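Enquirer: Given these sequences and hints, build the entire structure.
2 protein chains.
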Amino acid sequence: MKGEADRPGPDASAPSSDPKAPRTERGRRTRRALLDAAAAEFGERGFHDASISGITARAGVALGSFYTWFDSKEALFCALVGDMSEQVRAHVAPHVRSAPDGLAAERAGLASFLGFVRDHKEIYRIIDEAEFVDPASFRRHYAGTAERIAARLAAAAGRGETRPPADPAETEVQAWAIMGMNVFLGLRYGVWSEDADLDAVADAAADMLKRGLGPGES
Amino acid sequence: MKGEADRPGPDASAPSSDPKAPRTERGRRTRRALLDAAAAEFGERGFHDASISGITARAGVALGSFYTWFDSKEALFCALVGDMSEQVRAHVAPHVRSAPDGLAAERAGLASFLGFVRDHKEIYRIIDEAEFVDPASFRRHYAGTAERIAARLAAAAGRGETRPPADPAETEVQAWAIMGMNVFLGLRYGVWSEDADLDAVADAAADMLKRGLGPGES
Chain A
1 MKGEADRPGP
11 DASAPSSDPK
21 APRTERGRRT
31 RRALLDAAAA
41 EFGERGFHDA
51 SISGITARAG
61 VALGSFYTWF
71 DSKEALFCAL
81 VGDMSEQVRA
91 HVAPHVRSAP
101 DGLAAERAGL
111 ASFLGFVRDH
121 KEIYRIIDEA
131 EFVDPASFRR
141 HYAGTAERIA
151 ARLAAAAGRG
161 ETRPPADPAE
171 TEVQAWAIMG
181 MNVFLGLRYG
191 VWSEDADLDA
201 VADAAADMLK
211 RGLGPGES
Chain B
1 MKGEADRPGP
11 DASAPSSDPK
21 APRTERGRRT
31 RRALLDAAAA
41 EFGERGFHDA
51 SISGITARAG
61 VALGSFYTWF
71 DSKEALFCAL
81 VGDMSEQVRA
91 HVAPHVRSAP
101 DGLAAERAGL
111 ASFLGFVRDH
121 KEIYRIIDEA
131 EFVDPASFRR
141 HYAGTAERIA
151 ARLAAAAGRG
161 ETRPPADPAE
171 TEVQAWAIMG
181 MNVFLGLRYG
191 VWSEDADLDA
201 VADAAADMLK
211 RGLGPGES
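First to last, the protein sequences are chains A and B.
Under full-length UniProt numbering, the first residue of the first sequence carries the number 1, and numbering increases by one thereafter.
Under full-length UniProt numbering, the first residue of the second sequence carries the number 1, and numbering increases by one thereafter.
Read the hints as simulated data drawn from the structure, not as lab findings.
None of the values given here were measured: they were computed from a predicted structure.
Keep in mind that a hint or two might mislead.
Which residues of chain B face chain A? A few of them, derived with a C-beta cut under 10 Å, are [what the hints assert, rightly or not]: (1) D128; (2) R139; (3) A143; (4) A156; (5) R163; (6) P165; (7) A166; (8) E170; (9) M181; (10) Y189; (11) V201; (12) M208; (13) L213; (14) G214.
Among chain B residues calculated to face chain A with C-beta under 10 Å, some are [as the list claims (entries may be wrong)]: (15) F47; (16) L103; (17) Y142; (18) A146; (19) V173; (20) Q174; (21) V183; (22) A196; (23) A205; (24) R211.
C-beta atoms are modelled at their ideal positions from N, C-alpha and C, and glycine is treated no differently.
Expert: Here's what the structure looks like:
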């Protein structure tokens, strides 16, 4: 799964190059209902046990009209991974953008991501299952998330808000480390636990990210 | 996937409570050959497409004798997750133990984990697929890994080698953050890339963990 975001991404719920992209408001609503139903069905039953009829029933859409929107269960799953990736990005982006500096932005990104995860626990199963069902989407999600974090870190270092990296390659390592931190904190405190104080989790992680764990000068 | 370790764990390759545990050296070798073949088969084909006959053929073991050792494909997969979890732990533990202090131990844990991953790329697919095939093993792997990291951090803080946490719950957050960092650096630089300098990756992550990304006092 999972991550967060910054710059505007493509509208994954209606890629304009897709011949099946909806042209009317009603079509957009139907496609949206199918994606939401797919999130529930794939999240609950997993890809293999999920069925197109289960998804159309959840969406309140006639089985026959499924193929107006998607070619197959695989195509719907692939669209759903892009859609969830975009939903996380869009949820997190305004929090990141309104933060006063680079380190505050990473804290805001994590805090808003943890909140999103608690409301959308199925995102873990879906993005994690993409590793098997649709590896290209899985890779795109994580590579894209890490690139956005790295761009933020480089900008923050340029503004003197963070320690400049000794080597530009260090920024990529930091970005992947931060993404991994966020993903696992989301799993532990957003998915596995209902009652953890997400702000306290974000504070502890942000403090570690800012000061490190070293004893410091004294 | 994945992680690392410290204190002795159970020998996951031959749990003594298992009525099918081997009693002879020859039996141990056969069971080991089946687990190694299963790692290759599940890693390459995934759980659903993997077959018992494919595994016994890879292991050079007669199909009929498979059931001497495992009740089913599921039971073998479950044993394999425990076995891989234990292999990572055993590979990493001596590096962690011989480090001069707590922060050096985390760097050593990451560096030895990255090396293990590069030689055992299939571990990601297998532990990640456990989320779907065998959720209890998936959870046990990560919860156990995080507990070991948290115990190391608490000991290091007790020895004054790291900043003491403001609250004991902070140590758990730090442990999950470090585990996530290690898992995603392993994915990026151990699995996806053949030629990244793993020592440089471990250095960059260790530096971030020690000093943080803050600009510091100047």
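Enquirer: State for each hint whether it applies.
Expert: Now for the hints, and whether the structure bears them out:
Evaluation of the D128 of chain B hint against chain A yields a held restraint, the C-beta minimum of about 6 Å falling below 10 Å. Interface restraint check for R139 of chain B: the shortest CB-CB distance to chain A comes to about 8 Å, inside 10 Å, so the restraint holds. The interface hint given for A143 of chain B holds, since its Cβ lies 9 Å from the closest Cβ of chain A, which is under the 10 Å cut-off. Taking 10 Å as the C-beta contact cut-off toward chain A, the hint placing A156 of chain B at the interface holds, the least distance being around 8 Å.
The closest approach between the C-beta of R163 of chain B and any C-beta of chain A is roughly 6 Å, which is under the 10 Å cut-off, so the hint is satisfied. For P165 of chain B, the interface hint holds, since its Cβ comes within 10 Å of a Cβ in chain A; the closest pair sits about 8 Å apart. At a threshold of 10 Å, the smallest CB-CB gap from A166 of chain B to chain A is about 8 Å, leaving the interface hint in force. Among the interface hints, the one on E170 of chain B holds; its C-beta lies about 4 Å from the nearest C-beta in chain A, closer than the 10 Å criterion.
The restraint placing M181 of chain B at the interface with chain A holds, with a minimum CB-CB distance near 4 Å, inside the 10 Å limit. Satisfaction of the interface hint for Y189 of chain B is found here, the shortest Cβ-Cβ separation to chain A being roughly 8 Å, below the 10 Å cut-off. Because the smallest distance between the Cβ of V201 of chain B and any Cβ of chain A comes to about 5 Å, under 10 Å, the interface hint for this residue holds. The criterion of a C-beta within 10 Å of any C-beta in chain A is met by M208 of chain B, whose closest approach is roughly 6 Å, and the hint holds.
Annotation: L213 of chain B was flagged as interfacial toward chain A, and the flag holds, the nearest CB pair being 4 Å apart, inside 10 Å. With its C-beta approaching chain A no nearer than about 4 Å, G214 of chain B sits inside the 10 Å limit, and its interface hint holds. With a least beta-carbon distance of about 9 Å to chain A, the hint placing F47 of chain B at the interface is held under the 10 Å criterion. For L103 of chain B, the interface hint holds, the least distance from its beta-carbon to any beta-carbon of chain A being 6 Å, beneath 10 Å.
At a threshold of 10 Å, the smallest CB-CB gap from Y142 of chain B to chain A is about 8 Å, leaving the interface hint in force. With a cut of 10 Å, the hint placing A146 of chain B at the interface with chain A holds, because the nearest CB-to-CB distance is about 7 Å. With its C-beta approaching chain A no nearer than about 4 Å, V173 of chain B sits inside the 10 Å limit, and its interface hint holds. With 10 Å as the threshold, the beta carbon of Q174 of chain B comes within range of chain A, its nearest partner Cβ sitting at about 6 Å, so the hint holds.
The closest approach between the C-beta of V183 of chain B and any C-beta of chain A is roughly 6 Å, which is under the 10 Å cut-off, so the hint is satisfied. A distance limit of 10 Å between C-beta atoms decides the matter here; for A196 of chain B the minimum to chain A is near 9 Å, and the interface restraint holds. Of the supplied interface hints, the one on A205 of chain B holds, with its beta-carbon coming within about 5 Å of a beta-carbon of chain A, less than 10 Å. Hint on R211 of chain B holds. Least Cβ distance to chain A is approximately 4 Å, under the 10 Å limit.
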